Amino acid sequence: MLKSKFRKLLIPALAIGAILMANPAASETIKIGAVAPKTGPLAGGSTVTHWPSIQLWVNQVNAQGGLKLKSGPAKIELIEYDDRTNPGETIKAVQRLATQDKVDFIIAPYGTGFNLATAPIFAKYGYPQITTTAITDKIPELTKRYPNIFFTLGDTTAFTKSVAEILSKMRDDGTIGNRVAMVNVADAFGIELANAARPIFKSAGFEIVYDKSYPLGTQDLSPVVKGAKASNPDAFVAWSYPPDTFGLTALAKIENLNVKAFYTAVATAFPAYQAKFQSAAEGVLGAGGVNPDTPEMMAFIKAHNEVTGKAPDYWASPVVYASLQVLQQAIEGVGNKDRAAVSAFLKENSFDTVIGPIKFNNQNNEAFWTVGQWQNGKFYGVSSTGRPGAKPVKAKSGW
Amino acid sequence: MTKREKRSIIPVFLIFASAALIPLVDTGYWLSISISVVMYTVLATSWTLFSGPTHYISLATAAFFGIGMYTVAGGLELLPFPFLVFLAGIIGAILAAVIGLATLRLSGVYFVIFTLGLAEFIRQIFTWVQTTMGTSSGLYVLTDITESIIFWELLALAMLVFGLGWWIGRSRLGFALRIIGNDEIVAAHCGINTARAKIVLFIVSGSIASVTGALLSPRWTYVEPGIAFSPMISFQVVIMALLGGTHRLWGPLLGVIPFTLLWDVISTFFPNQTTLLLGISFLLIVYLIPNGIVGLVEKIYSNWISGNREQFN
Amino acid sequence: MDIVVIGLLLGGTYALIAIGLQLQYGVARIMNLANGELLVAGSFGAFWFFSSAQLSPLLSLFIVTPLAFVFNWLIYQYLIRPLVRRAKNRGQLEVDSILATFGLSFIFVGLMTAIFGGEYFSYSYLEQPFNLLNQSYGLNRIAAFLVSVVFCVALYIWINRTQTGLTLRAVAVAPESAGLVGINVPNTLALAFALGGAVTAAGGASLSMFLTFDASVGVIFTMKALIIVIMGGVRAINGVIISAFILGFVETAVATLIDPGLTLAAAYLLFIFILLFKPQGLFGGHAS
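Protein chains in written order, with our numbering: chain S, 287 to 685; chain H, 45 to 357; chain B, 4 to 291.
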C-alpha cells in the first residue's frame with residue numbers, strides 16, 4: 287500500500303529532478319541568464335525599460351548568426367526568470383543561473399537593491415555585473431568591494447547637479463526666479479535625489495519654498511500640488527516614481543501650475559507619458575534623456591518598435607541596450623567565454639554603443655545623460671556629464 | 045519524556061545533523077534554496093506556536109522581520125553583529141508585548157486586519173524617518189558573512205524553535221493554550237490567565253521573527269523599508285503554515301518544503317507565467333488537500349496502520 | 004475649505020474601493036484577497052474600451068459592471084461554493100477563503116500581465132480643471148466622485164428599502180436563521196458576492212480616469228479596502244461609507260497641514276486607534 291503510493295510520488299519527483307539536473311550541452315551556443323521582475327511592484331518599470339531591450343538584443347544578435355567567438359559564431363540561449371520583485375527570489379535565481387544552469391554570462395538584475403543583494407554572488411562566481419538600473423552614491427566603496435561590478439546609469443549627485451545647473455542657467459537668462467518647489471516620493475530613488483538636491487540647490491542660490499515628501503502609493507496628490515502652487519514657485523521639481531510622475535503632471539495641468547521649469551523624475555521619459563499628455567508634455571523636464579537624432583539611436587528606436595512592438599523609453603531603455611552592446615563587444619573582443627578575461631577587457635577598453643562611447647573609469651561610466659526635455663514630441667537630452675549633442679533648454683509655456 | 049518522544053529524538057537529531065552538512069556539499073543554488081526553506085520554516089513554525097493553538101491569524105510577521113533587519117542594518121557600524129541579533133530579539137519581544145497588550149480585546153478577523161494595519165503603520169513610520177533624517181533610502185549591510193554561515197545560524201534558530209515548541213507543548217502553558225483555542229470562555233472559567241498565556245506566546249513568536257530578520261540582513265546587503273516590511277512575507281508565512289497544518293509542531297515544515305520546491309520548479313520552467321501558475325497550483329492545493337499536508341499525511345498513516353492490522357488479523 | 008473638498012473627493016474614491024469588499028465580506032462572508040485585482044481588472048476594462056473604441060469610461064461602466072457581476076457570480080458558484088459546503092465552521096471557511104482568494108489574486112495578476120503586459124497604464128479623460136469656490140479640481144475626480152455617490156445611494160436605498168435588500172441584511176446578520184424563514188441563503192450569498200465584485204470593478208473603471216495602474220498594483224487596493232471595511236464595522240454598509248470619508252478627510256488634512264509623507268501612517272494610526280477603542284469597528288454592533 288505505502289510502497290505503491292510512495293512509488294507514485296517518487297516517479298514524478300525523479301522526473302522533475304532529472305529535468306532540473308539535465309544540462310544539454312549544445313555546441314555553438316552561449317548561455318545568457320536574465321532575472322528581473324515580470325510581476326510585483328517593480329514590474330511596471332522593468333517591462334518598459336529592461337525586458338524589451340534584452341529581447342531586442344538577443345533577437346538582433348541571433349539574427350546575425352550569434353556572438354562572434356574565435357571558435358565561430360555562438361547563438362545566444364537566453365534563460366530568464368521572474369523574481370516577482372522579491373530579493374530572496376532574485377538571489378536564488380542568480381544562484382541557479384550560476385550553479386545549475388551554468389550560464390556563461392548573467393545580465394544584471396533590475397533595481398538598486400536587487401543589484402546590491404546579488405553583487406556578492408556575481409563576485410563569488412566571477413560574473414561581470416554591468417548594472418543599468420542601479421543608482422547609488424556609494425560607487426567607489428562598492429566597486430572596491432566587488433571587482434566585477436560596473437555602473438552605467440550615473441549617480442544621484444550628478445542628476446541633481448544637472449537640474450540645478452539648468453535652473454541656474456534659466457535664472458541667469460531671466461526666465462525664472464529664485465523660488466523652487468520640491469517634492470519627492472518617500473522611496474529609494476526619490477529620497478536619495480531629494481537629499482542630494484537640497485544642499486546643491488541652496489548653494490546654487492535657490493530658495494526652496496516648498497519641500498515635502500509623499501508615500502509611495504498615495505492615491506491623491508492634490509494636497510502636494512496645491513501646496514506647491516500656494517508657495518508660488520518659479521520652478522517645480524519632483525523626484526518622483528512612475529505612478530506619481532503621471533499623477534503630478536495631470537494635477538499640475540488641472541491646477542494650472544504655471545512654472546517655466548517643470549521637472550518630474552522617473553517615467554517622464556516613458557513613451558506612455560507623451561501618449562497620455564501629448565501637447566501638454568511639451569517642455570516638461572525629466573530624468574535621463576538621449577540624443578534621439580543620432581543614426582544609432584534612430585536605428586535603435588526603429589528596431590525596438592519592430593521587434594518588441596512598443597517604443598523604448600528615452601532614458602534607461604537605451605542604457606540597458608548599451609550595457610548589452612558593451613557585454614557583446616567585450617565577449618567578442620576576448621573571443622571566448624572566459625569571464626575573468628571579459629571582466630578585464632571591460633575595465634580596459636572603450637565601447638561604441640547606442641548612447642555613444644562608454645569607457646569605465648574605476649568600473650564606473652562617467653558619461654551619461656542626466657536631464658531630458660520633451661521637445662516636439664521627442665525627449666531630448668538637455669544636460670549630461672560628457673555626452674555631446676545636448677539641446678538647449680526651452681522654457682515651459684503653460685499646459 | 046514519553047517513550048515515543050525518546051524514540052523520535054534520534055531521527056530528529058539526524059535530520060538536523062544532515063541538514064547542517066548541506067553547505068559542505070553545495071554552496072550554490074541548493075544552499076540558496078535551503079536558506080529559503082529554513083527561513084520560512086522558522087517563521088512559519090514560530091508563527092504556528094502562537095496561532096496554531098489560539099487560532100489567531102497574525103499578519104504582523106513582516107513588522108517583526110523588518111525591525112530585525114533594521115536593527116542590524118542601523119547598528120552595524122556601532123555594535124558587533126551577534127549583539128545586534130540579540131538586540132533584535134529583545135526589540136521584537138517588546139513590540140510583541142505592546143501589541144499583545146493592546147489587542148487583547150480583538151478577536152477573529154479584527155485581529156487579522158489589525159496586525160496587517162500595524163505592520164503597514166510601522167513600515168510607513170520607518171520610511172518617513174528614513175526620508176526626513178537619513179541620507180539614503182536604504183541602509184547598506186556590507187559584511188563578510190557568507191550564505192553558509194547564514195544557513196547555519198538559521199538552522200540553529202530552527203532547532204531552538206522546535207525545542208521551544210516541544211517544551212511549550214508539554215508544559216502547563218501549552219495545555220492552557222489548547223484549552224483557549226478550543227473555547228476561550230471555558231479556559232477562563234478553569235482559572236487560566238488567558239491573556240497572559242496569549243501574550244507570552246506572541247512575544248516568543250515575534251521575537252523569533254525579529255531574530256530571523258536580523259540574521260538575513262547581511263544576505264540582502266541593502267535594506268529598504270519596502271523590501272524589509274513587504275506584506276508578502278506575512279502572507280507567505282501564513283499560507284505555508286496553514287497549508288502544512290497548524291495542529292502539529294512539524295506541520296509548517298511540511299508546508300514549507302514542498303512549497304518552496306514547487307514554486308521553484310514553476311519559476312524555473314515557466315518564467316513568463318510564474319505568478320499565474322503559482323496561483324493555479326495554490327487553488328488546486330486548497331481544493332484537493334483540504335486539511336493541509338499534515339491532514340493528508342495522517343490520513344495515509346492511519347490507512348496504512350489499519351491496512352497492516354487487517355493483514356495480521 | 005480646500006481640505007473639505009479634497010477630502011470629500013478622496014473619500015468618494017475610498018468608498019468605491021471599499022463597498023464592494025463590504026458586500027463580499029460583510030454579507031457573503033468571503034474575505035476576498037483578490038478584491039484589489041478585480042478593481043484593477045475594471046480599470047483595464049475601461050482603459051481597453053477607451054483606447055480601442057474611444058468609449059468614455061463613464062459609458063463603459065455600463066459594460067464593465069454587468070460583466071464583472073456575471074464573472075463574480077461564476078467565481079462564487081464554482082470556486083467559493085465548494086468551500087462553503089465543506090467548511091465545518093466559520094473559522095474553517097475563513098481560512099479556506101483566505102487561501103483560495105490569495106491564489107485567485109495570483110491568477111488574476113498573471114492573467115492581466117499575460118494579456119496587457121506589465122507596464123504602467125494611464126490615459127487622459129476629463130483631465131480639465133473644474134472651478135469650485137475659486138479653487139480648481141480635476142473634472143475626472145469629480146466624475147468619479149459622482150459615480151461613487153450614485154453607487155452609495157443606490158446601494159443604500161436598495162439594501163434598506165427593498166425586499167431583496169432585506170434578505171441580504173437578514174443573511175448578513177444571521178445566515179442560519181435566515182434559512183429558517185424561507186430565504187434562499189446560497190443564492191443570496193452568491194448575489195452579494197457578485198454584486199460586490201461588480202461594484203469593485205465599477206470602482207476600478209472610474210478610478211482609472213485619474214490613477215496610473217499596472218497589473219500588479221491590486222494588493223494596495225485590497226489592503227486599503229480591508230482597513231476601511233474593518234474600520235467601519237463589517238456588517239453595515241453605511242458604516243463603511245462613513246469610514247471611507249473619514250479616512251479621506253484625515254489623509255487630506257494630514258497631507259495639507261502636517262506632512263504629505265505621513266498620510267499613510269496617519270491612516271493606519273487612525274485605524275489602529277479605532278480598533279483599540281471600538282474593537283468591532285465604528286458601526287459594528289455585535290461580535291462576529
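Some hints here could point you the wrong way.
[Stated by the list, open to error] Beta-carbon label-pair distances, calculated as ranges:
hint: 1; chain 1: S; residue 1: 351; chain 2: H; residue 2: 200; range: 48 to 58 Å
hint: 2; chain 1: H; residue 1: 126; chain 2: S; residue 2: 648; range: 50 to 60 Å
hint: 3; chain 1: S; residue 1: 647; chain 2: H; residue 2: 124; range: 52 to 62 Å
hint: 4; chain 1: H; residue 1: 61; chain 2: S; residue 2: 433; range: 49 to 59 Å
[As the list claims (entries may be wrong)] If you only want the chain H side, here are some residues facing chain S, beta carbon under 7 Å, derived:
hint: 5; residue: 72
hint: 6; residue: 228
hint: 7; residue: 318
hint: 8; residue: 319
[To be verified] Residues of chain S clear of chain B, computed beta-carbon distances all greater than 10 Å:
hint: 9; residue: 512
hint: 10; residue: 528
hint: 11; residue: 536
hint: 12; residue: 645
No lab work stands behind these hints, which were simulated from the structure alone. Note that the structure is a prediction, hence the values are computed from the model and not measured. Glycine residues also receive a C-beta, built at the ideal position from the N, C-alpha and C atoms.
We went through each hint and held it up to the structure:
no.: 1; hint: 351(S) / 200(H): 48 to 58 Å; result: 54 Å, holds
no.: 2; hint: 126(H) / 648(S): 50 to 60 Å; result: 34 Å, violated
no.: 3; hint: 647(S) / 124(H): 52 to 62 Å; result: 36 Å, violated
no.: 4; hint: 61(H) / 433(S): 49 to 59 Å; result: 37 Å, violated
no.: 5; hint: 72; result: 3 Å, holds
no.: 6; hint: 228; result: 36 Å, violated
no.: 7; hint: 318; result: 4 Å, holds
no.: 8; hint: 319; result: 4 Å, holds
no.: 9; hint: 512; result: 7 Å, violated
no.: 10; hint: 528; result: 5 Å, violated
no.: 11; hint: 536; result: 6 Å, violated
no.: 12; hint: 645; result: 32 Å, holds
In the structure shown, a violation is registered for the earlier hints numbered 2, 3, 4, 6, 9, 10, 11, in ascending order.
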